[in-house]
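Peer 1: Protein chains in written order, with UniProt numbering: chain G, 1 to 397; chain E, 1 to 397.
The hints are simulated quantities; they were obtained by calculation from the structure and are not laboratory data.
Here a beta-carbon is modelled for each residue, glycine too, at the ideal position from N, C-alpha and C.
One should not assume that every hint holds.
Claimed, not checked - Quick list of in silico lysine-lysine cross-link-like pairs, DSS-like style, CA-CA up to 25 Å:
no.	chain 1	residue 1	chain 2	residue 2
1	G	Lys367	E	Lys22
2	E	Lys162	E	Lys199
3	E	Lys81	G	Lys360
Said to hold, decoys possible - Going by beta-carbon spacing under 7 Å, a handful of chain G positions derived as facing chain E:
no.	residue
4	Arg40
5	Phe334
6	Val338
7	Lys360
8	Pro364
2 protein chains.
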Amino acid sequence: MFLIFASQHNDNPMNYFSSDFKLGILGGGQLGKMLLSETRKFDIQTYVLDPSPEAPGRIACNYFEQGDLMDFETVYQFGKKVNLLTIEIENVNLDALQKLEDEGLPVYPSPSTLKMIQNKGEQKDFYVHQGIPTASHERFTHIEALKSALKNEVLEFPLIWKSARFGYDGNGVKVLRSMDDFIGLPQGECIAEEMIPFKMELAVIVARNVSGEIKTYPVVEMEFHPEANQVEYVICPARIPENIAQKARETALQVSQAFNHVGLLAVEMFLTNEDDILINEVAPRPHNSGHYSIEAGYTSQFENHIRAILNLPLGNTESKVAGIMVNLVGEEGFSGPVVYENIENILAIDGVTPHIYGKKETRPFRKMGHVTIVNEDLSKARKIAEEVKNTIRVVSR
Amino acid sequence: MFLIFASQHNDNPMNYFSSDFKLGILGGGQLGKMLLSETRKFDIQTYVLDPSPEAPGRIACNYFEQGDLMDFETVYQFGKKVNLLTIEIENVNLDALQKLEDEGLPVYPSPSTLKMIQNKGEQKDFYVHQGIPTASHERFTHIEALKSALKNEVLEFPLIWKSARFGYDGNGVKVLRSMDDFIGLPQGECIAEEMIPFKMELAVIVARNVSGEIKTYPVVEMEFHPEANQVEYVICPARIPENIAQKARETALQVSQAFNHVGLLAVEMFLTNEDDILINEVAPRPHNSGHYSIEAGYTSQFENHIRAILNLPLGNTESKVAGIMVNLVGEEGFSGPVVYENIENILAIDGVTPHIYGKKETRPFRKMGHVTIVNEDLSKARKIAEEVKNTIRVVSR
């Protein structure tokens with residue numbers, strides 16, 4: 001009787017709002033910055049650790065600490081200051097996270113998931129063991145072993161080389177067509193992946209909270225520049241038939257559940273010429289492919305990440321309107337204090353919202369911000385996105 | 001020739017983004033806090049002045065100063081630190097603002113507009129002179145003069161007494177039906193307004209930038225509690241015929257243009273039983289009646305305030321979906337550290353977004369936050385809003 005009585009009076013199990021509860025975020029880049037927009041909305045106290053004194057996420061947190069995310073002691077001591085820890089970047093000291101979790105601190109995503117995802121070989125093995133469709137692969141502890149396999153005709157060109165660790169934004173991935181393509185590649189652990197022709201790259205973000213409530217965002221499509229082989233537009237919803245969208249969302253759900261993942265999981269996939277879905281890789285955090293949701297979605301990916309790790313009910317992942325995202329990257333030939341040329345021209349277009357990350361210096365191809373274009377009509381949004389891309393320029397003074 | 005050449009090369013006239021430009025905001029309450037969400041998005045440097053060391057707008061600005069907004073020297077010295085000054089509250093030292101403007105600092109809204117709006121007698125006179133429809137009124141320098149007018153039958157009960165200065169959220173307004181109703185009223189300058197029966201209270205927010213570009217937000221409706229005579233829901237769009245909505249928006253445009261206003265102007269109005277629009281009063285800043293636009297609008301009122309004062313093109317003021325706002329006020333009988341009881345229950349409903357302002361202590365009727373409900377169907381949103389209102393409770397531990 002007493003226990004029931006006590007439980008009835010425990011009516012604030014989730015008192016995160018304007019309270020003493022402290023959420024720690026490892027990393028204060030643009031993803032951290034956009035997470036902080038949601039923690040401010042809910043008035044949740046946040047502590048941010050980032051190596052840069054000019055990190056975009058320095059402002060709008062309650063406490064900022066400059067420190068090395070790969071240093072055990074720095075991450076461990078930071079973790080001791082907070083009630084729950086999350087990440088906005090995968091490359092953090094996992095031993096510290098593991099020790100914090102062992103000592104009882106909730107850490108989402110879990111260090112064991114992060115460890116598996118950090119190594120692309122392990123990640124691929126995991127998909128195979130779980131029966132999740134993915135291109136076939138071979139693991140090599142050293143690049144020389146891959147060379148030998150090709151020389152001995154155990155493997156054949158062409159194939160895709162991927163560094164097992166620390167790949168980022170297309171770094172650490174290369175198509176190999178002959179021995180000459182090995183020039184300049186790093187020596188370390190890698191995988192060789194079968195090259196499967198595909199007609200589209202898709203992504204689905206899955207939100208899953210501590211209790212296991214799970215929702216998928218709509219399928220987005222990465223549209224590539226016809227020549228430069230660079231993603232130009234992230235388009236939501238993807239221009240694919242409903243049955244394929246359904247299959248993509250189901251496959252993404254399967255991946256999140258297989259990882260027993262808590263928080264957001266961005267699942268990147270290929271749609272093959274035969275309309276099969278193959279998992280490419282995942283990111284266990286808010287992701288570039290979900291930025292459109294700030295303006296287009298009922299609940300932004302950032303809000304749902306916060307809801308998921310705090311075990312709050314997830315928000316509606318569907319969209320109010322169509323959304324397209326264009327990355328703002330530093331133009332070639334410009335390095336120095338950034339200027340967003342013609343930003344006033346794109347602001348004059350209905351449904352256009354620039355996000356400026358707050359990096360003071362531009363460099364060629366550095367991600368400086370993004371622009372979201374929303375419209376009730378996806379094809380109109382697509383036209384406007386092209387206009388935006390052709391108008392704004394990230395240059396230096 | 002040289003001048004034309006120079007002008008062609010001045011291609012960054014509006015370099016506010018990740019630059020040294022500093023925007024000053026007088027006041028760091030919830031309106032300031034929500035403005036900062038937009039300045040972070042655009043990475044515009046902000047300086048905030050507020051008397052409270054725990055102001056909601058303390059976090060997410062670049063520089064916070066604690067100080068008295070009514071003190072000449074404090075406001076003047078703060079203004080010298082910034083490149084452009086705006087307000088989130090009307091009650092600030094106007095002499096300091098005037099001196100800053102005279103010395104060349106852009107101040108929006110202008111001190112002269114603020115001065116007129118601060119005095120309800122002057123504000124009402126202005127409407128009369130401008131031919132803007134409003135209930136008829138008489139001005140009195142002292143409450144005794146109003147009493148005499150009633151005793152001498154120059155005026156008749158019932159009428160509406162309004163304090164000329166510092167009215168706020170229903171304070172400073174009272175219906176007088178007999179001499180007994182004078183008990184407890186302050187002595188100072190006031191107006192007596194004709195009591196005109198009306199069927200609805202409406203509001204329209206107008207955004208106008210420095211160049212004179214002007215846009216109105218959709219008409220919102222204030223729905224009152226049937227007994228308590230307190231606004232319960234702000235509903236967008238108002239449930240009125242299109243021709244009346246059109247008339248309300250046109251009247252609001254007329255008011256903004258009459259003031260030559262820069263920034264947001266929230267225009268509160270009555271819809272009479274004869275379907276006439278009468279201006280009640282205005283607020284020269286973001287306003288409670290526009291909070292719904294964060295989730296429902298293409299451009300939130302806060303973003304458009306920033307755009308307007310920086311002379312950027314205005315964003316689309318129309319809505320993606322219907323929106324309803326419910327204020328979160330402290331429950332009677334509770335004072336102390338705040339707890340948002342059952343917030344997890346309302347988060348479980350699709351399209352529901354709580355905004356927690358970050359005030360640590362609740363008091364009866366203190367504005368602690370608001371909740372926005374969005375839905376494609378306004379009547380569904382209205383039902384959910386009622387559920388939200390009946391579920392969440394702002395109490396103390």
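Peer 1: With reference to the structure, classify each hint as holding or not holding.
Peer 2: Structure-based check of all given hints:
Between G:Lys367 and E:Lys22 the alpha-carbon distance is near 24 Å, which keeps this suggested pair within the 25 Å criterion. A C-alpha spacing of about 21 Å is found between E:Lys162 and E:Lys199, which places the hinted pair at or below 25 Å, so the restraint holds. Proximity of E:Lys81 to G:Lys360 is assessed by CA-CA distance (about 21 Å); at most 25 Å being required, the pair is judged to hold. Because the beta carbon of G:Arg40 sits about 6 Å from the nearest beta carbon in chain E, less than 7 Å, this interface hint is met.
A least Cβ separation of about 14 Å between G:Phe334 and chain E goes past the 7 Å threshold, and the interface hint is therefore violated. The interface hint given for G:Val338 is met, as the beta carbon of that residue sits about 5 Å from the closest beta carbon of chain E, less than 7 Å. Hint on G:Lys360 holds. Least Cβ distance to chain E is approximately 6 Å, under the 7 Å limit. Given hint, G:Pro364 at the interface with chain E, is violated; its Cβ is 17 Å from that chain's nearest Cβ, farther than 7 Å.
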